[in-house]
Amino acid sequence: MWAYIVRRILATIPVMAVVALFVFSLLYIAPGDPAAVIAGDQASPEDVERIRASLGLDRPYLVRFGEWVWRILHGDLGTSIFTNLPVATMIAQRIEPTLSLMTVTILFAVSVAVPLGVVAAWKQGTIIDRLVMAFAVLGFSVPVFVVGYLLAYSFALELDWLPVQGYTPFSHGFWPWLENLILPALALGTVYIALIARITRASMLEVLNQDYIRTARAKGAGQGSILFLHALKNAAVPIATVVGIGIALLIGGAVVTESVFAIPGLGRLTVDAILRRDYPVIQGVVLLFSFVYVLVNLAIDLLYTLFDPRIRY
Amino acid sequence: MSSTSLPPGLAVAEPMPDILPDRRPRRGVLGFLRRHPTILIGGTLLGIMVLIAIFAPYLWTRDPTALAPALRTRDPGPEFWFGTDMLGRDVYSRVIYGARVSLIVGFSVALLASVIGLAIGLVSGFIRLADAIIMRIMDGMMSIPPILLAIALMALTRGSVRNVIIAITIAEIPRVSRLVRGVVLSLREQPYVEAAIAAGTRTPAIMIKHILPNTLAPLTVQATYICAAAMITEAILSFIGAGTPPIIPSWGNIMAEGRALWQVKPYIVFFPAVFLSVTVLAVNLLGDGLRDAIDPRLAKRL
Chain Y
2 MWAYIVRRIL ATIPVMAVVA LFVFSLLYIA PGDPAAVIAG DQASPEDVER IRASLGLDRP
62 YLVRFGEWVW RILHGDLGTS IFTNLPVATM IAQRIEPTLS LMTVTILFAV SVAVPLGVVA
122 AWKQGTIIDR LVMAFAVLGF SVPVFVVGYL LAYSFALELD WLPVQGYTPF SHGFWPWLEN
182 LILPALALGT VYIALIARIT RASMLEVLNQ DYIRTARAKG AGQGSILFLH ALKNAAVPIA
242 TVVGIGIALL IGGAVVTESV FAIPGLGRLT VDAILRRDYP VIQGVVLLFS FVYVLVNLAI
302 DLLYTLFDPR IRY
Chain F
692 MSSTSLPPGL AVAEPMPDIL PDRRPRRGVL GFLRRHPTIL IGGTLLGIMV LIAIFAPYLW
752 TRDPTALAPA LRTRDPGPEF WFGTDMLGRD VYSRVIYGAR VSLIVGFSVA LLASVIGLAI
812 GLVSGFIRLA DAIIMRIMDG MMSIPPILLA IALMALTRGS VRNVIIAITI AEIPRVSRLV
872 RGVVLSLREQ PYVEAAIAAG TRTPAIMIKH ILPNTLAPLT VQATYICAAA MITEAILSFI
932 GAGTPPIIPS WGNIMAEGRA LWQVKPYIVF FPAVFLSVTV LAVNLLGDGL RDAIDPRLAK
992 RL
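Those sequence lines, one after another, are chains Y and F.
Counting the first sequence from 1 gives a position; this note's numbering is that position plus 1.
Counting the second sequence from 1 gives a position; this note's numbering is that position plus 691.
What the hints contain is simulated information worked out from the structure, not anything from laboratory work.
Some hints could be false.
If you anchor each label on the Cβ, the simulated ranges turn out as follows [to be verified]: (1) Lys234(Y) to Pro936(F): 32 to 40 angstroms; (2) Thr104(Y) to Val965(F): 49 to 57 angstroms; (3) Arg60(Y) to Ile828(F): 21 to 29 angstroms; (4) Leu100(Y) to Pro769(F): 33 to 41 angstroms; (5) Ala821(F) to Ser26(Y): 40 to 48 angstroms.
Here are some chain Y residues the structure puts well away from chain F; computed CB gaps all over 12 angstroms [what the hints assert, rightly or not]: (6) Ile73; (7) Asn85; (8) Ser112; (9) Val120; (10) Met134; (11) Val147; (12) Gln211; (13) Ser226; (14) Leu233; (15) Ile275.
C-beta atoms are modelled at their ideal positions from N, C-alpha and C, and glycine is treated no differently.
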């Protein structure tokens with residue numbers, strides 16, 4: 002098992018290298034002249050040249066890539082064109098709201114979606130199952146900002162139960178922090194819940210047909226313990242995998258959710274950077290999110306090799 | 692009962708009486724649609740949206756870009772069905788014309804990503820050396836959340852519908868390639884492909900004649916999901932200002948413009964949101980229906 006774990010960890014290195022190469026190469030893949038686009042329509046030729054030099058587009062590709070990787074390995078993500086601050090500093094200032102939003106969303110979504118999927122599998126073919134599946138299709142179809150506005154309109158503006166927008170840091174207390182995150186997490190969580198509920202149902206259906214479930218039933222185990230102790234344990238691997246893969250959806254959705262609910266996180270930073278054509282910031286955020294995504298999925302893989310004794314590679 | 696040909700002592704049983712009603716599945720398009728209602732519903736809704744997009748100028752619309760500052764932020768009513776926005780433009784006309792961008796982006800991305808992904812998937816499923824390299828690249832690309840990849844690409848180009856299509860296509864290709872490669876790898880082990888190899892058929896011919904047709908069914912299903920994802924991504928890109936330029940009305944754009952006023956004039960955001968959601972739902976229903984029709988085994992599980 003340890004050999005597998007070491008191999009699995011080492012296998013992420015080429016993936017991260019390709020991510021870095023790809024994110025770096027976007028400057029060269031993009032059609033047109035990125036320097037001119039970033040400089041804007043009113044820029045003088047000197048401005049364009051200055052930006053070209055600051056992006057390193059005037060030097061050879063491989064040399065540039067080497068330097069760039071070297072700097073990233075030292076924690077230097079470049080400098081913002083707009084604020085002249087290091088990108089790493091700007092990201093550090095904005096990371097707490099995004100991290101809070103993602104954590105709350107993941108916890109909330111998993112604790113709602115897994116029971117939903119389990120019940121749908123248990124009651125397969127009934128109205129409950131159909132309702133859960135209908136919700137899953139809807140969840141995939143209604144975009145996150147639409148859900149966001151709907152929630153904000155009904156629960157904040159009309160009912161006045163929760164704040165409409167904004168973010169309160171965790172250091173100001175647990176409830177003020179959570180209060181601001183409930184609606185965004187609901188909005189962001191919709192697609193994620195749909196995805197997890199669907200895979201939970203599918204995975205449970207497969208397990209519920211197996212002999213050991215009949216044995217458990219025969220020896221008189223209660224329905225709840227059969228579903229959640231006997232079956233769910235064995236259905237957990239695909240569910241955990243989807244929880245990890247689905248984080249890509251959350252990352253994309255966070256950019257939008259933060260705009261709708263005026264949360265000053267990395268998503269807002271990205272949107273502001275787009276409007277200012279501040280490419281180094283976008284590059285830094287994309288790289289960071291991708292690495293986090295790869296590492297979270299690595300962690301999930303490793304966790305179930307540790308906890309599931311059946312998995313031996 | 693003439694049982695002359697039977698040996699003596701054996702008799703043919705009497706035919707069973709027709710206890711069960713004749714429930715042969717209906718044939719033809721109508722029967723197919725009856726058995727797969729989601730295809731019918733999704734297809735109809737999508738068809739209506741396509742008609743709306745094509746006939747936008749004849750659906751009692753005005754110029755969707757005409758400014759009328761005197762008529763700013765009118766509530767929905769008999770004159771302006773969906774009201775007007777903060778520049779006095781007719782929201783109804785903008786939403787109707789917005790269908791064009793969404794559908795063009797959705798269909799183009801689905802088609803382009805499928806064709807390119809198919810080519811990449813076929814090559815990497817058949818050529819070992821290429822496979823190792825291509826799949827490493829695809830793994831890397833798949834580790835970048837698709838919306839972020841599209842955002843990064845859009846930040847480097849001028850906003851235009853064409854660039855939006857290119858950006859979303861690049862973000863979707865890895866998933867299609869993976870799917871096709873998976874199908875190719877499993878088909879390669881099939882006896883009929885081995886027979887073709889043994890018969891001396893050249894690799895390109897095997898790929899195109901024997902493998903390609905069998906990838907089309909799962910690919911079609913995947914293409915509908917890509918279409919839905921592309922529509923959402925286009926709306927998101929336009930919403931955050933990295934997509935369709937403001938001159939061309941698109942659902943994401945209209946919502947972005949309504950954003951500043953959404954607490955007082957929620958209808959500007961509401962109408963494009965409903966159209967977008969219904970269209971994406973239609974495409975997803977179509978995809979689910981096609982998936983069930985093509986692979987009944989999978990349909991029972993998911």
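Quick rundown of the hints versus the structure:
1. Lys234(Y) to Pro936(F): 32 to 40 angstroms: The hint (32 to 40 angstroms, Cβ to Cβ) is violated, given that Lys234(Y) and Pro936(F) are roughly 52 angstroms apart.
2. Thr104(Y) to Val965(F): 49 to 57 angstroms: violated, 32 angstroms
3. Arg60(Y) to Ile828(F): 21 to 29 angstroms: holds, 24 angstroms
4. Leu100(Y) to Pro769(F): 33 to 41 angstroms: Violated, since Leu100(Y) and Pro769(F) (Cβ atoms, about 50 angstroms apart) do not stay within the stated range.
5. Ala821(F) to Ser26(Y): 40 to 48 angstroms: violated, 19 angstroms
6. Ile73: holds, 15 angstroms
7. Asn85: With a cut-off of 12 angstroms, Asn85(Y) remains clear of chain F, as the shortest Cβ separation is near 18 angstroms.
8. Ser112: Holds, since 22 angstroms exceeds 12 angstroms.
9. Val120: holds, 16 angstroms
10. Met134: Violated: least Cβ distance 9 angstroms, not greater than 12 angstroms.
11. Val147: violated, 4 angstroms
12. Gln211: Given a closest Cβ separation of 14 angstroms, the condition holds.
13. Ser226: Ser226(Y) is indeed farther than 12 angstroms from all Cβ atoms of chain F, at 24 angstroms.
14. Leu233: At roughly 17 angstroms from the nearest Cβ of chain F, Leu233(Y) sits farther out than 12 angstroms, so the non-interface label holds.
15. Ile275: violated, 5 angstroms
Hint compliance for this structure: hints 1, 2, 4, 5, 10, 11 and 15 are broken, all remaining hints hold.
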